[in-house]
Amino acid sequence: MSAPDLPFEHAIDIKKGWFDMASLDYSAKLGTVGYTLPRGRVVHLEHVNGKEVFLPGVRKTDVAIFLLNGANDADVSNDGTTASGKFVQQAISPSGKMSGVVATGGYEIDSTEFDSSRSYVAGDLLTAPTGAGSGAASTGGVLTNASVVQFVAPVVGVVSSGKHVNHNGVSTLSFWSVWLPGSAS
Amino acid sequence: MPTQQEIQLLNETLFEQLDTPGMQKQAVDAVNDFTRTKMREDGFYRRIMPPLTITNDELDRQVDTDKPVKVVDKEPDSPAAVSIPFATLPVNFYIRGPRYRVMFDRIVSPRAVKDVDELRTYVMDIRQVLSDNMIKDMLAEEDGKFMAAINAVLPTAGAPAVGSGEVQYEEIYGGITRETLVDALKIMPRTASHFEVETCLVNNLTIKELLKFGRDEMGGDFSQDIIKNGWAETNFLNCRWIVTIKTGLVPTDSLFMFASPKFIGKNYELEPTTMYIRREAYMLEYFAYETTGGSFGHTNGLARVDFK
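These protein sequence lines are chains A and B, in that order.
For what it's worth, this note's numbering labels the leading residue of the first sequence as 1, then goes sequentially.
For what it's worth, this note's numbering labels the leading residue of the second sequence as 1001, then goes sequentially.
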């Protein structure tokens, strides 16, 4: 049996700007991703085979979406088979839809999903690299201030109070959601 | 069917309740009663797997999530009995009961806004104005999820079904005739579980093929009745027939067959369809939502035929 995951190990806390009925959020199913995408990761919306899906990270002019649900959350998916492929059940619900808040909304977010090896100061621009293969499990959609150049890399946020350890003992990064498109080409 | 005067009275009462502080709950209750009745009547998922109300006490707490989950037991398999000579002992087996988890999510309609003064001009039932499209949207989502799960279990004609490993999705050539229909009904009982078909689901175009049945195929006056009056029969071939207009979900010339819901899985309703209505000054906002969870625990009770 795999070790249980605590609900706050991977998560975003939205310190300001959510929840009210006018909050800007968005829901879609996850595209093909070779790892379990946790809560808090940054995704963008993409059309694959005519359907809207979320994929990790942002490219070019993608608008960032900060995931409120992880791919394994009980209201997102219900695995139908065991690790060896034996049938357990076929879920009618949940349907696989995940939701997140859109970076163009006005939020201050505290996220566990950032590159904790780096230093951050207020005003640093943040981006989140793409990566859907299994090799990108620790970087796909993870916030970083590395090599963020305005109008080249898409910006998804600006650091506010920065890196700290939250009340759950988890290292988090506080930032304001901002969307600044990267190069379109 | 209420008369025009009754509708007028209902509308005035609803407006009065929405207008009077402390009375808004009655207005919301009136719309909710109406909405829930319509939800029960119109969706095919709900008719094939009637929702079971589940309360907080019946939910199963999980270590890794605070979201609602229900654990359902499956009947354990056991080795077959064997004939043995005297002075021989039986083999041992340890009973291990498999289980599955039913997870929940929410279905929500878009949030509508309307100036109450514009509602005053409606002569039709206001409850209907408020809820009709939302009910259709919610049912379309429910039925869509149900069909997506069926299609996941029965992905391709001639291929083994997920879970059972037996072919439960076939193509039958020869159109829709008495013979091909009876052949279709053999698919499910042929599986290891030997379930009988209890419910058939077709679309409103497929069912018209049955109108072509002659007296020799349909039998006597029944043939005459349906050619005169159209299809009104819900029990046919010892099955309950559900006809849907959702041709996008149930393709034409396809027949979906279901065993009794107790053999298929669970459809839990944690929060029944509820209409949220809020009036702020003269602006009314409203949307519907519900929380449900469902899974197929046993796939032998599902079958599909495409008539060619």
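Bear in mind the hints are in silico, worked out from the structure with no lab data behind them.
The beta carbon of each residue, even a glycine, is placed where N, CA and C say it ideally should be.
Check each hint, because a few of them may be wrong.
[What the hints assert, rightly or not] If you want the footprint, here are the derived chain B segments under chain A, 3+ residues with CB under 8 angstroms:
{"hint": "1", "region": "1062-1069"}
{"hint": "2", "region": "1103-1109"}
{"hint": "3", "region": "1142-1151"}
{"hint": "4", "region": "1173-1180"}
[Said to hold, decoys possible] A few chain A residues that don't get close to chain B, going by computed Cβ distances all over 12 angstroms:
{"hint": "5", "residue": "P7"}
{"hint": "6", "residue": "K16"}
{"hint": "7", "residue": "G70"}
{"hint": "8", "residue": "Q89"}
Taking the hints in turn, this is what the structure says about them:
Against chain A, the region 1062-1069 of chain B contributes 8 residues with a C-beta closer than 8 angstroms to a partner C-beta. That satisfies the three-residue criterion, and the hint holds. For the region 1103-1109 of chain B, the assignment as covered by chain A holds, since 4 residues bring a beta-carbon within under 8 angstroms of that chain's beta-carbons and 3 suffice. Chain A is given as covering the region 1142-1151 of chain B, and this holds because 4 residues of the stretch bring a CB closer than 8 angstroms to a CB of that chain, at least three being needed. Coverage of the region 1173-1180 of chain B by chain A is violated. Counting CB-CB distances below 8 angstroms, 0 residues qualify, and the rule asks for three or more.
A beta-carbon of chain B comes within 12 angstroms of the beta-carbon of P7(A); the shortest separation is about 6 angstroms. Distance check on K16(A): its Cβ is at least 23 angstroms (rounded) from any Cβ of chain B, clearing the 12 angstroms threshold; non-interface status holds. Listed as a non-interface residue, G70(A) fails to keep its Cβ farther than 12 angstroms from every Cβ of chain B; the least gap is roughly 10 angstroms. A beta-carbon of chain B comes within 12 angstroms of the beta-carbon of Q89(A); the shortest separation is about 4 angstroms.
Hints 4, 5, 7 and 8 from the list above are not met by this structure, while the remaining hints are.
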